[in-house]
Amino acid sequence: MGPDPQYVGKLHSNSDKGDGSVKYILTGEGAGTIFIIDDTTGDIHSTKSLDREQKTHYVLHAQAIDRRTNKPLEPESEFIIKVQDINDNAPKFTDGPYIVTVPEMSEMGVIRTALHNMDREAREHYSVVIQAKDMAGQVGGLSGSTTVNITLTDVNDNPPRFPQKHYQLYVPESAQVGSAVGKIKANDADTGSNADMKYTIINGDGAGVFSISTDKETREGILSLKKPLNYEKKKSYTLNIEGANTHLDFRFSHLGPFKDVTMLKVIVGDVDEPPLFTMPSYVMEVYENAKIGTPVGTVTAHDPDAANSLVRYFIDHNTEEDRYFTIDASTGTIKTAKIFDREETPWYNITVAASEIDNPGLVSHVPVGVRILDVNDNPPELARDYDVVVCENTKPGQVIQTISATDKDNSANGARFHFSLDEGLSLNPNFTLRNNEDNTASILTRRRRYSRTTQDIYYLPVLISDGGVPPLSSSSTLTIRVCACERDGRVRTCHAEAFLSSAGLSTGALIAILLCIVILLAIVVLFITLRRSKKEPLIISEEDVRENVVTYDDEGGGEEDTEAFDITALRNPSAAEELKYRRDVRPEVKPLSRNHPSSSLDSIDVQEFLNQRLAEADLDPSVPPYDSLQTYAYEGHRSEAGSISSLDSATTHSDQDYNYLGDWGPEFKKLAELYGEIEPERTT
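When the letters of the sequence shown are read in order and numbered with the working numbering, they come out as residues 367 to 1050.
FYI, nobody ran anything at the bench for these hints, they're computed from the structure.
Simulated restraints on C-beta separations:
no.: 1; residue 1: Leu829; residue 2: Asp707; range: 20 to 28 Å
no.: 2; residue 1: Arg856; residue 2: Leu829; range: 25 to 33 Å
no.: 3; residue 1: Asn380; residue 2: Asp404; range: 17 to 25 Å
no.: 4; residue 1: His668; residue 2: Ala749; range: 50 to 58 Å
Each computed DSS-like pair below joins lysine-lysine, with the alpha-carbon atoms no more than 30 Å apart:
no.: 5; residue 1: Lys592; residue 2: Lys631
no.: 6; residue 1: Lys631; residue 2: Lys599
no.: 7; residue 1: Lys599; residue 2: Lys549
no.: 8; residue 1: Lys582; residue 2: Lys549
no.: 9; residue 1: Lys631; residue 2: Lys600
no.: 10; residue 1: Lys376; residue 2: Lys437
no.: 11; residue 1: Lys593; residue 2: Lys551
no.: 12; residue 1: Lys601; residue 2: Lys551
no.: 13; residue 1: Lys1036; residue 2: Lys761
no.: 14; residue 1: Lys414; residue 2: Lys376
no.: 15; residue 1: Lys593; residue 2: Lys625
All C-beta atoms in this analysis are idealised placements derived from N, C-alpha and C, irrespective of residue type, glycine included.
Could you put together the complete structure from these sequences and hints?
Laid out in structure tokens, this is it:
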């Protein structure tokens, strides 16, 4: 302590004679800074205060050397300087000040309460100073102190309490259902969840009219309206409301019930209310076609207040439908303002308003629906345009079409239809009608066969009547087309236009077909013109009347084929020529004469005549091989068996079954239609 260096110790060597020839050197921890040495005397001093709590000892090395030669006189030696402790540090609390929470009413602990049952609600925070001394508190010792802050935590040891035992609340009768009409609160000295409570209406005449809920933030009871109030019926309500803690601590149940009850009186305030209709909505009816001014119905409203003011009625003209009706302002009777058509609009919706004469600003509304009743004012008609087809080969009594009808009137005036043929006309010999008694009718044929060539379209007037009161009827005409059909009833064709339409040919396709036909005709005309310009003799003789064309389907071998088909294989062997001409060049041989006396034709047999003509053709070299047309202008004598033609047949039909003709293909369809299933025609 102090500014002067502190003597620590002394170094001395036996070689030191005191003449200053020995020099002392000090090295090690703190040498030259903290510790210094007198190199002549060897005295060691400390130049600074030492703190044992920072460093407890220092290790130093000392050596004595010859001052003149700087050679060591003794080996280097080590020594330790220890710092002795003194009481220079007072006790300290490292974590102070301390904060401690202790539940109120707690038992004694390490830090003990000096008071029994300490109440948080009376005092919540405490500060305690704690001192620590060293040297067991003896004189000269040091001391240190710290502060302990103690907070008492809350427990549920206080029940809720209403500040008043009686409350009064004013609520107007116009209050909306579901709205909050008032608040009530019970006080609880506790905090947090220990102060949570629930409010309940435990009894009273208003328990069904009001409800109460708890606001979790403010812990208030919110009183709401469950049903509408009516001052004229009940002017006040009395409610008993209970507030009770929701989190109980059974350690403190001896402190009493943790709930409280108060009485709330609700005063209902009178408010001038708008008129009240006797019904929430009205439904009225009126017949269509009723005259303007026909009564539809009456609405009724009254003033719910004690004054019972008079009420006037009017219609809100917000839509076009509201202009179709009028209302009597005094009686509320609704009348028509136009003639209605149920088939156009079957239902109207209007809004009727009512207000007090003394206070027109108070208005109430009610919806009114007007149903337009049906009157049988629409005759029935066919359900659609029918395309009726009858087959040429149809049978009598066959159903060719089933028709139905519709009626714009409702089912009471149009659900039952009756079909019949027009009685004003004569009996139809072609078709008849059968009423099926299920709102449909069937068209039936009355004869066996129909021909497109004779008549391709028939018209059948049909009379339809409904079951309304009074009944209405209408006449419609069905168009029936005659068509050719398959055996299974499928329509094949009706006429040329229908055939082309059914084939799906467009106008462009028809033009292309016609153009092809024109080109073919032009080619044929050109070919005939070229033949005539060459003046080639026709093969057919002038006296020939009939022709028998025989075609040999032989094409030939083209240009390399110098010999055409040898037709001698078809000729009489006895008339075969030895010299064969080229078949593609007309020979220059003069043709044989074919003139025969007409008298000889009557005396020869047909077979003989044919053989004679065949021989002439075989021997005639001028006949080209590519054309073997021969004409036999002789019919022969009448057959002894008679004619086999059906033209002169008797009127009675054969018993033979010709149904197999329908299986021969499309080439025999017409023949199958002529001879298939022929029965005697019935006349009616």
